[in-house]
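Novice: Assemble the whole structure, with the sequences as input and the hints as a guide.
These are the residues of each chain, in order.
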Amino acid sequence: MKETEKVLRGRELLELRLRSLYERYGYCKYRMSRFEEYSLYLENRNFLKSDRIITFTDDRGKLLALKPDITLSIVKGAGRDAAARVYYSENIFRAASGSDEMREMRQVGLEHIGRVDLYTESEVLMLALESLAAVGRDYIMGISHLGLVTGLLDATELPAAEKEKLSLYIGSKNAHEIAALCAASGVGPALAEKICALAGIYGTFPERMDALRGLVVNKSTESAVEELCALYEILAEAGYGDRIRVDFSVVNDLSYYNGITFQGFVEGVPESVLSGGRYDNLLHRMGRSGEALGFALYMDALERTLEAEALPEADILFLYPEDAPAADVARAVRQLSREGRVYAALTEPENMSFCRRVVYAAGEVQE
Amino acid sequence: MKMLNIALPKGRLGEKAYGIFEKIGYGCPEIREDSRKLIFENAESGVRYFWAKPSDVAIYVERGAADIGIVGKDILLEYGPDVYELLDLGLGKCRMAAAGPKGRRPSPDRTLRVATKFSRIARAYYESRGREIDIIHLNGSIEIAPLLDLSDIIVDIVETGSTLRENDLEVYEEIVPISARLVANKAAYKFKSAEIERICAALRGELEK
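For the record, the sequence lines run as chains X and W.
Numbers 1 to 367, taken from our numbering, label the letters of the first sequence in order.
Numbers 368 to 576, taken from our numbering, label the letters of the second sequence in order.
Simulated from the structure, these hints should not be mistaken for laboratory data.
Heads up, some of the hints might be wrong.
To be verified - Examples of chain X residues toward chain W, derived with CB under 8 Å: (1) D138; (2) G142; (3) K173; (4) N174; (5) H176; (6) Y202; (7) P270; (8) E271.
Treat the numbers as computed from the prediction; the structure is a model and nothing was measured.
Ideal placement from N, C-alpha and C gives every residue a C-beta, glycine not left out.
Specialist: Okay, here's the thing in structure tokens:
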């Protein structure tokens, strides 16, 4: 292990740690092809955050795409009512946030498809938290429950377009716009106040427990609050209590997601580095039965924090004269490579960093 | 206490906004002095200000160079940055409007030629009404476009309407009211929530006065 860690840098090392974490909880590595039929994305356009996809036709004229997403392919491959407990680390192709340019990005993620109960949810949340911890910086995870969001939005009895606007405002914690829209469309002040409160709530669970319970308006909101509190209890006991926050600005497309959703942040990265949630609705839309939950880590967003301390380019610089027999040099290098990373050269390269310099002279290796 | 980076839009709006920060105890006397400094810090109250081009403030905040910032709703609608919009400061009130030559409404039978700096806002507005438009993106002096028959109408910010009047133009429709908003970076809000909430509450209190 030590030997591997010496060679792996930043992102690779993190991926290794994540993989061993997921394996320990019974998830298998899922490897997939880079291409997918374009129709899969066409049918589920809103599931993807951006509709920009790189497509091409194969030699039989079928339209293929470079994968912009992994979850859809896993669900597709899981079969009608199959269960899957998998993790992946794959490259995907999508437009970078805040830009139109297509980029190849690395994503590590985990999916649990099949039966999802409270324990499963807590396990996936714990793995998401541990994944953030593996980065080695201060981290925070915001948790929301879409049952509460949809419950409150449905209670307004507004048309879908207005509800969608409200959900966007909740996502940007925009209470003033929520109040204005509610007032303009005749939503009662008591309910409007609750939706504003929902958008504004942020804090640890013990701090916000009362505020949470204050949001209950019907059965579905009540069970959502119960579920959140139950999850908090389990995670707090596992020692993550001060890492998680109630935060309803984690909104995802309601036609795919339901139940808990979450988003992870790591100090020093200005955007979310992990996002996940419950997506039973996606399963049902794709004609599958069952329940599903998963998350993904954005390795590119994390890259800035993983800047490994600058290692010297070589442990040992090995200089040999031109007239040295090649076989002798080979033997010497082989010997030295057991002690560290060797860089063999005739002359010392400019601007090179190394720890030891070894010279081959008169048939002998000298420091 | 963690230091808060605040991006202010250069110009009148930014100065007004800074005035409010000063009133609630987050002043930084240096900033009023005429200097070439770009960044102003008040370690005591834990804030650091810098001036940015108004349309860039949202970018500084979205990318985390600033934790919070003051930005016009017009910019937020046009660029759609992924930030929290925490507060309507009610400063710099104006409206985004469609305007054109006085007393001469363009025929609904033709593609509408729209000159604007705010392509996305204009497109979204006319799309929602099912009207086909031809966007002519200009970077300034929008009012001249209908006068030279470059466009039928303009979509632009209207404050007092005096520029429109002087050029024999009038507002046809109001698209959306605009004012300055306090925005926050989503990650900064997580790690500096106490500081940001404190400043937010103080601003809210000051605005309600």
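Novice: Against this structure, judge whether each hint is valid.
Specialist: Hint by hint, here is what the structure shows:
1. With a least beta-carbon distance of about 7 Å to chain W, the hint placing X/D138 at the interface is held under the 8 Å criterion.
2. Checking X/G142 against chain W by beta carbon gives a least distance of about 7 Å; that is within 8 Å, so the hint holds.
3. Annotation: interface hint on X/K173 holds; nearest CB of chain W at approximately 4 Å, less than 8 Å.
4. Evaluation of the X/N174 hint against chain W yields a held restraint, the C-beta minimum of about 4 Å falling below 8 Å.
5. Given the 8 Å rule on beta carbons, the hint for X/H176 holds: about 4 Å separates it from the nearest Cβ of chain W.
6. Hint on X/Y202 holds. Least Cβ distance to chain W is approximately 6 Å, under the 8 Å limit.
7. The criterion of a C-beta within 8 Å of any C-beta in chain W is met by X/P270, whose closest approach is roughly 2 Å, and the hint holds.
8. The criterion of a C-beta within 8 Å of any C-beta in chain W is met by X/E271, whose closest approach is roughly 6 Å, and the hint holds.
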